[in-house]
Every structure is written in C-alpha cells, then in structure tokens.
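Protein chains in written order, with our numbering: chain A, 1 to 309; chain B, 1001 to 1309.
Since the hints were derived computationally from the structure, they do not count as laboratory data.
Treat the hints loosely; a few may be bogus.
[Unchecked claim] Quick list of in silico lysine to aspartate or glutamate cross-link-like pairs, DMTMM-like style, CA-CA up to 25 Å:
#1 K28/A <-> D271/A
#2 K1302/B <-> E152/A
#3 K190/A <-> E1119/B
#4 K138/A <-> E165/A
#5 K1190/B <-> E267/A
#6 K1302/B <-> E157/A
#7 K1190/B <-> E157/A
#8 K190/A <-> E1290/B
#9 K190/A <-> E1061/B
#10 K1190/B <-> E5/A
#11 K190/A <-> D1173/B
#12 K1190/B <-> E169/A
Number of protein chains: 2
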Amino acid sequence: MSFIEISEVGPRDGLQSIEPIMPTAAKKAWIAAEAAAGIREIEVGSFVPAKLLPQLADTAELVAYARTLPGLTVAVLVPNLKGAEAAIAAGAHKITIPISISETHSLANVRRTHVQMIEETRRIAELIAAQPEDQRPKFEGGLSTAFGCTLEGMVPEAVLLGLAEQLMEAGCDEVGLSDTTGYANPAQVKRLIRAVRGVVGEEACSGVHLHNTRGLGLANALAALEEGITTLDSSLGGIGGCPFAPGASGNIVTEDLVFMLQSMGFETGIDLDRLLQVRELVQAALPDTELYGFTAEAGVPKGFAGGAY
Amino acid sequence: MSFIEISEVGPRDGLQSIEPIMPTAAKKAWIAAEAAAGIREIEVGSFVPAKLLPQLADTAELVAYARTLPGLTVAVLVPNLKGAEAAIAAGAHKITIPISISETHSLANVRRTHVQMIEETRRIAELIAAQPEDQRPKFEGGLSTAFGCTLEGMVPEAVLLGLAEQLMEAGCDEVGLSDTTGYANPAQVKRLIRAVRGVVGEEACSGVHLHNTRGLGLANALAALEEGITTLDSSLGGIGGCPFAPGASGNIVTEDLVFMLQSMGFETGIDLDRLLQVRELVQAALPDTELYGFTAEAGVPKGFAGGAY
C-alpha cells in the first residue's frame, strides 16, 4: 500500500477556533514533538492581523522555528497578498489561500468577491514567481465550503469547478477540497474529487481537508483514499473546526486517522505511540480545552504493532 | 441507490452495557417511537438469566409488545437452546446466537467451546424446524470477535471461515460479522466480508454489527456498504458496546448512520427528524447515561431534506 501524508493543522485550524492563547514555547514544543513522532507537514499558523486572531500572532516566529526541524514541510494559511508577503519573508515552505465556494461566506469572512480573490491569488503567484527559484514556496488554493455552506446551504458544483480552474490559471500549484462546515458525505467526497480532478488534473488535486462535525470525518477520509488522495489534514485531539460538545469535534482527530491508516496497511511514517503522547503536552498547555479521540481513550487493539491486520 | 436496513440494537446491546435498568414502559415507548420513525428491525432484548443481565429481564414482554407494531421485525439474542425456547415461545421474528471466533472469549463469556456452541446451534435449528412453518423465526449465527479479541488479540481467519461454514451447516439461515471489540478497520471489513461470503454465499451474509470504539464505526460501515452489505446494526445515542468517555461510544450511533446513508442517497425509510426526537425520550428514562451523536449536536446541514447531495 502507498504512503499517505498527514498534514497536522492543529496549531492553525485548532488554535484559531478556541479562546485560550497557547504560549509560543508550548506551540514550539508541540510542533517539535509531532515532527519527532514522524509527522512531515504541519500548518503552523496563519498570517492574519493579530487583532483578528491573537491566537496566531506568533506565526512568523513559529515558521522560523519549524524550519529548523529536519524534513518538516512548514505550511501556513494566508488570506491575501499581505499575508503571503509575510509568509515568504518568514520562509514558509507551503502557502495556502482559502477561497470560499460560497460567495456569501467569502464576503462575510474576508469581505471579498470571487473575482477579487482570484485577483489576489494571481498577485501572490506573481510574488512567488519573483522569488529565487530555490526559495519559492508551494502555493495551494483551498476550495473552502466545497461541500456546502452554513449560510448558503448546498453550493453549485459548477462554481466549485470554475474556481478550481481559475485558481490554477491564476498560478496555484494545486487545489485542495475543504469541508469547512462538516457537510461532506462519502459519496459527495468521491464525486467532487473526481470532478475537480477532471478540471485541474489528478496531480493538481492530491489533498483534502475534512472535518468531523457530523461524525463522518473518517468515512469521508476513507472515501478520499479510495479516490487516490494522498494528503489528509487533521488535528491532534481534534482541536478546532466548529466545536460542539460532547465528542463532536470539528477537525478529524490525527491519532484516530493514523490508527485507521496504519491498521489498513498504509504507510504513514508516524509512530502512533509517540503521537499519542503529544496529547499530554498539548493538554498541559490548554488545560481547559477538551481533547477528543477514540483511540486515545480505548487504546490500540491487543497485539497492534502499527501494521495491517 | 438501494435500500439499507438499519437494525436498532440499543434496547439489547445498549441497555445490557449500562448499569441503570430502564423501566419496561420506557423501553416500550422507545421501541414504538423508533418504529414510528421508520426503523423496521429492533433487537429488543436477550433471553439470558435475569440474574446475569437484570437490565433485560423483561425481554419476553417486549417481544410480545413489539410484535403488535405493524411491519416491525422483532429480533432477540439467545446464548443457548433454553434462550431459543423462550424466544420462540415469546414469538420473536429473528433469533441470533453469537459465537465468539476467539474460543478464549467464548469460554470466558458463555463457558462453552466452539464444538459445544455448534452443537447448541444445531439443537436450536432443529427446534425451529419443528415449529409450524409460518411461526419459524429467522435464525442467524453471529460471528462475534470476528475482527479481533481483547483476550486473544487477532483471531485466525481460518477459524472464522470454519465457524461460518459450520453455523450454516448446523442450520442457520445466515451469518453476520460482529466487531464486538471495536477492532475492525475498513480494509479488514471488506476482506472478511468477501472471505465469509466465499464460504457461505452472498445471500447468507447480508448484515454486519460494527462498533465505534476507536472512531472507525462509520468508515467501517462505508466499507461494508461498498461490499454490498444491506443490514447495519447501530444504537440510538451510541448507547452500549464498550463505553469509554468522552465521545468514545461503543456502538455506532443510529442517528449519525442514518444521516450518512441518507446524504449518500441510500433509502432507509427513516424520518431522521423523528429519530432525533427519540433521544429525548431515552434520555429522560436514562438521566445519568450519556447519549452520543455528532448529528444530534451539530444538526443536519442547511437545506438537507433527507436526500442525496
């Protein structure tokens, strides 16, 4: 079976969704511990104004730190050109600009239309192209609310496909489907991956960002795997996304995802025991935040050694 | 898309796993409310000695009551011939005898070897055959711990296949794979369904009983659906199975399963809104028991009307 890349988004999507601000030293320890457990890509933060998301105000420092960890791809989110400038100055390896398929959500979230977002994307791509070749970050367009929107409800597939094409044309290296609202179902995941790949090509759509809001996170991940997706986003302890209690975490729980992948025989490069231990560090730094995860509660099956059975 | 039968096992697998004893009147109200919401099969109890499982001591009365609900298949579990006699006397439509693939678990659980369990199965099949034709319940052999055992760890596939064959030879109408321990992964679910069907035929293996102990319940259900399984067990509010807190319910949550199926376009015959309302009744009767369920917490997607999207 093939290798699946797990992109840990907890330090960004997790921490931006909760009230407590994790100290920078704790974030560094978290990032280092996950990298040591074998995680090869971490979204360490987002370059947004600190007054909007004070939880992520230290993103530049985290990028600089994470770059010192060997073999780690350091990813960040940017909402606009200004954020991309900061991300490039900090030395991020991968930059994602999210574009809401729901224009209502785009206007509510970043006060920009689709046309404006594509224009911003083009400017960022030009900025990246102007960098020395060995310093150009990978540039992804994030197709957010791709599976539906809490404001608009279902979003037209034609809009999704049109934006996927425009993002690539504007200069993205790839696009990723994002279930921002936790609306996705497995049949839809398969259908939309196929549809987007039909427009941008298989190579340019290799990752998905799924949530677990309605409990379908791992079923949707399975559907994505069956379509040949090779990068999956998740969050340690399921922190973030749209929090509902109890058990209704927003993000897919990294530990549960790793257990599923390993038990099915996928290679992850991750030491699950070490990954599970990272929870203690995060919980200590966020004493009032509930960490989710079934595998952490139940333990791995008797005799499980990280391989298929 | 095809019709998927959801077999509600909460009144049996749920209630046997928790300490509080639900009053018979509340159980009847629960069963009636689920039937009214469109659930067509309910496992209402188990014919075991009341001193072992006082929670299920009223099973005969529940069978008699549930039989009065039009269109409902009334299922029960029996551990032995004595239980089967009681089930037939009560008028159950469907009888399941569970056999642990792990003989260690079988000895610990019912103090019987595999040979003894097959012998018991044969006696039950003979008893059923001796009933008037229109009063013979359907007889299922439940292949429990099929995906691994908390005592033995992994169980040999050859033992599983051998027992599946022997159960059919002893007179079962069908066999069902049961993930008693929550060990199953989607690749294993597919592999074992194919293997068991290779031995007993497709028709004789149409249902699976999955748990959600490690969060893979719906992913495993998806895998089973993709293999053509048409009956899935689940429990309202995820009650039962092996309880771990928080969020780590044992059984698959019926409401989440129904949402997944409907959103994918499967027919279920179930009114999800009415099903979600049944939670209130159950919660009122079990005030100290935590009900799980992501869909209940998050609500259905905006614009969702029970069909595919």
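Q. Looking at the structure, which of the earlier hints fail to hold?
A. 3, 7, 8, 9, 11 and 12
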